[in-house]
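Chemist: One-letter residues, chain by chain:
Protein chains: 2
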Amino acid sequence: MTSQNISQEAVINSRTERLASWAANLKFTDLPDDVVQKTKDFFVDWLGCTIAGRCHPAVRAISKFASHMGPATGKSEFVDGSLDFTTSAAFASLVNGASSHVVEQDDLHNRSIMHPATVVFPAALAVAQDVGATGADFITASVVGYEVGCRVGEYLGKSHYERFHSTATGGVIGAAAATAHLLRLDTAKMLSAIGTAGTQAAGLWQFLMDATHSKQVHTGKACFDGIFAAYTARDGLLGTKDILEGSRAMGAALVPGTTNPDAIDGDLGNDYEILRSSFKWHASCRHTHPSADALLKLMSNHGVVFEDIESVVTRTYQAAINVLGMTGRGETVHQSKFSMGFVLAVVAKKGQAMITDFTEDDLEDSSLREFQQRVKMELDPEIDQAFPEKWMGSVIVITKDGRSFTELVEFAKGDPELPLTREEIERKVHTLANYGGFEEPERVKQLIERGWRLETEVSMAGFVF
Amino acid sequence: MTSQNISQEAVINSRTERLASWAANLKFTDLPDDVVQKTKDFFVDWLGCTIAGRCHPAVRAISKFASHMGPATGKSEFVDGSLDFTTSAAFASLVNGASSHVVEQDDLHNRSIMHPATVVFPAALAVAQDVGATGADFITASVVGYEVGCRVGEYLGKSHYERFHSTATGGVIGAAAATAHLLRLDTAKMLSAIGTAGTQAAGLWQFLMDATHSKQVHTGKACFDGIFAAYTARDGLLGTKDILEGSRAMGAALVPGTTNPDAIDGDLGNDYEILRSSFKWHASCRHTHPSADALLKLMSNHGVVFEDIESVVTRTYQAAINVLGMTGRGETVHQSKFSMGFVLAVVAKKGQAMITDFTEDDLEDSSLREFQQRVKMELDPEIDQAFPEKWMGSVIVITKDGRSFTELVEFAKGDPELPLTREEIERKVHTLANYGGFEEPERVKQLIERGWRLETEVSMAGFVF
Chain A
1 MTSQNISQEA VINSRTERLA SWAANLKFTD LPDDVVQKTK DFFVDWLGCT
51 IAGRCHPAVR AISKFASHMG PATGKSEFVD GSLDFTTSAA FASLVNGASS
101 HVVEQDDLHN RSIMHPATVV FPAALAVAQD VGATGADFIT ASVVGYEVGC
151 RVGEYLGKSH YERFHSTATG GVIGAAAATA HLLRLDTAKM LSAIGTAGTQ
201 AAGLWQFLMD ATHSKQVHTG KACFDGIFAA YTARDGLLGT KDILEGSRAM
251 GAALVPGTTN PDAIDGDLGN DYEILRSSFK WHASCRHTHP SADALLKLMS
301 NHGVVFEDIE SVVTRTYQAA INVLGMTGRG ETVHQSKFSM GFVLAVVAKK
351 GQAMITDFTE DDLEDSSLRE FQQRVKMELD PEIDQAFPEK WMGSVIVITK
401 DGRSFTELVE FAKGDPELPL TREEIERKVH TLANYGGFEE PERVKQLIER
451 GWRLETEVSM AGFVF
Chain B
1 MTSQNISQEA VINSRTERLA SWAANLKFTD LPDDVVQKTK DFFVDWLGCT
51 IAGRCHPAVR AISKFASHMG PATGKSEFVD GSLDFTTSAA FASLVNGASS
101 HVVEQDDLHN RSIMHPATVV FPAALAVAQD VGATGADFIT ASVVGYEVGC
151 RVGEYLGKSH YERFHSTATG GVIGAAAATA HLLRLDTAKM LSAIGTAGTQ
201 AAGLWQFLMD ATHSKQVHTG KACFDGIFAA YTARDGLLGT KDILEGSRAM
251 GAALVPGTTN PDAIDGDLGN DYEILRSSFK WHASCRHTHP SADALLKLMS
301 NHGVVFEDIE SVVTRTYQAA INVLGMTGRG ETVHQSKFSM GFVLAVVAKK
351 GQAMITDFTE DDLEDSSLRE FQQRVKMELD PEIDQAFPEK WMGSVIVITK
401 DGRSFTELVE FAKGDPELPL TREEIERKVH TLANYGGFEE PERVKQLIER
451 GWRLETEVSM AGFVF
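Residue numbers (my numbering), protein chains in the order written: chain A, 1 to 465; chain B, 1 to 465.
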């Protein structure tokens, strides 16, 4: 064997193991303060999303499944429309994972094109409650889940995202890693958990085309399956060791284009993925946000109002065109959030696209529907080139009186470069909780405040809902 | 719209719906007697496999997960090494699905290259017990599960199988369809169950390369996930409607080559997939069976014994070379069953390759290991062309004294054309139960006899273990 072969083999065998070793050994005291603060920001933001989604029919159905198949009570809390709020960790995460993704307000990690909070926090919270972990343990496990999940999403890359809901396929591994950290698994068992998670990775975009509920299945099951992977790894089930780069593994089977191997273990411990996640300000698909912000900016800068606008062209990246091209005109509230035309109509008319701005009545609003028809998406090669490192958008507006304006945004509101303030997060969470029918603002306030001092919690048991 | 467009659209929209409609509406009285009899054959065969695998470490780990996350007792039975035998339907199927696949004795459906019993019966049995279904209902649901699962496997085809464990990816849909039938879902909800099952479809071959336990994860989770899909469909969760042929669905995402669309709905109700499944006689990967039978026949015909053999060339199909090429020399009992060389060594030396013929001692047997080295696989274009419709194999043996023999088998023992007799099935089940440490032959006998009169059972509750 030549030295070149040896070194190549070492690289191939070590990336996923190196990631597993890092994940198994991370300690709270290793974490920079900005990482701790940002984790709490996203956790509090996630709490609001989870409460907001709890009455959705998909969440109700999943919650019924949990009640029927799981224990009647347990150590882990979940939200749903009923009063039965505890179960085992796996089922709690299943329900909360579904619930926290359904109103399209949970965070988005740009480079991996995935939503980490909705797959990491449900698993980490449920397991932390199962094992009686501290707030600091919970934060550390959540950082691990973000890091591992998002790195896998980056590894799988843009071409994977064309076919698969990366939040699910990267997410199941993030959930497994967070769980394994809370179970204090060593590197070998962490690697097993990652392997067993990866061989369960699934989630297709087909549901977007007929406005069905698979998005909630994907996130809920990513949590459940990740927890399954880590608990069974603890108890002796061996997961395959090279589930990312192996010749019959995820890269080979689930990526039609090229993978990004460096994403698996590059710069581990120096750069935290959680610092690169973006809050969602608008309650619509994240791919609409740069264009929505550009349109708002343009209208503000030039004094253009809804009624003035004859047409809008949004220049965007290919992935946005792919995803947003699947939903037609948007027949349901959820599907309408994936229509660029409808979202820009809402933004233009209301000056915002918050959760309360997408209703059954809005779907019937002929002024929105007519505006929607006058919005076109176009591919912009430069914007596409920068994606997913940067999520930019530009709009060209023609007014009814023949004027033309253009506006580009480099960063959308909520991006790491333009994060929400704590005050904005609090406001968002109150709105979300209210939307979810959780009409006790004082209790929401206490919940938020407890979130801000999360690292001081001696136990996550009985924390939340 | 031209008539051509209309007809094309009808075809596109209707294959999976037609399959769902057939699955939702099948009645016991529709079933030809040979279908009923064959279903019982495979069910009894499956009972033996399930008992045999119950003490495997992977099954134990999964069983611990079920105990930790599921209810302490329930209506559905499962086998494991402990005395705690009931839980909810989803967890019972999880454990039994893992257990029934681990000793490599469960049936194999040729055309779809998948093992249907291990993904259909665990789900159908657990749900039948949950809802108190009759034996006739259970048989009908199992026929539905075989039909839908195997048709999906055939649709996904050979190129899918190169990357994915089709038993898992087709199996989750079969499990969902069987469950949905027992829940008496209508066509629309059956279609939802199929959609939700398909968006969870997962299972990669990578585990074969390092002798890890994902095969048990794949079958157990296919059952669990299929049950999840059907129960949530019943309770209002909408699954996507075109999960097989849609532009972002399984065919597009999980099949690198060509799909076989006719397999989805061709000749529905006239031809039953369960009649095309094969029993496994040898306790090794099904891809080794045609070669093993050819070698046994050759040795018998020409009076050749183990010690005479200098070398063996097996001429086979590409899928066998792909799968069996992943396992190296076979470091564990399970992995050794995937080594063509090791299996042929066992067959040549012992005259059989039953479950008791693969032990830790055999792994250390230098005569087997030396023989293994002298076995080579070669691609045979004609055999490859006929696969997976026919699983043929041929061997060329050179003896130490320079003689050369060749033998071809068109059908392996257990194939639909050479099925096991009931007496052979009974003997196999007793051997399997004994292997699994179930040392009450009288109880096994009663269990088998109850299996033979399955259609007369008024309730599947408390049926088995």
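Since the hints were made in silico from the structure, they are not lab data.
From the three backbone atoms N, C-alpha and C, an ideal C-beta is built for every residue, glycine too.
Hints should not be assumed to be uniformly reliable.
[Said to hold, decoys possible] Partial pick of chain A residues on the chain B-facing surface, computed with a CB cut under 10 angstroms:
(1) V35
(2) C55
(3) L254
(4) G257
[Claimed, not checked] Heads up, incomplete: computed chain A residues facing chain B, CB under 7 angstroms, no partners named:
(5) S67
(6) A253
(7) K445
(8) W452
(9) A461
(10) F463
Chemist: Please go over all the hints and tell whether each is borne out by the structure.
Modeler: Structure-based check of all given hints:
For A:V35, the suggested interface contact is broken, since its CB lies about 31 angstroms from the closest CB of chain B, more than 10 angstroms. Hint on A:C55 is violated. Least Cβ distance to chain B is approximately 12 angstroms, over the 10 angstroms limit. Restraint check, A:L254 versus chain B: the minimum CB separation of about 8 angstroms is within 10 angstroms; hint holds. Because the beta carbon of A:G257 sits about 13 angstroms from the nearest beta carbon in chain B, more than 10 angstroms, this interface hint is broken.
Given hint, A:S67 at the interface with chain B, is violated; its Cβ is 10 angstroms from that chain's nearest Cβ, farther than 7 angstroms. With a least beta-carbon distance of about 4 angstroms to chain B, the hint placing A:A253 at the interface is held under the 7 angstroms criterion. For A:K445, the shortest C-beta to C-beta distance to chain B is roughly 33 angstroms, which exceeds 7 angstroms, and the interface hint is violated. Annotation: A:W452 was flagged as interfacial toward chain B, and the flag is violated, the nearest CB pair being 31 angstroms apart, outside 7 angstroms.
The beta carbon of A:A461 comes no nearer than 16 angstroms to any beta carbon in chain B, farther than 7 angstroms, and the hint placing it at the interface is violated. Residue-level restraint check for A:F463 is violated (minimum Cβ-Cβ distance to chain B is 20 angstroms; threshold 7 angstroms).
Hints 1, 2, 4, 5, 7, 8, 9, 10, counting from the list given before, are not met by this structure.
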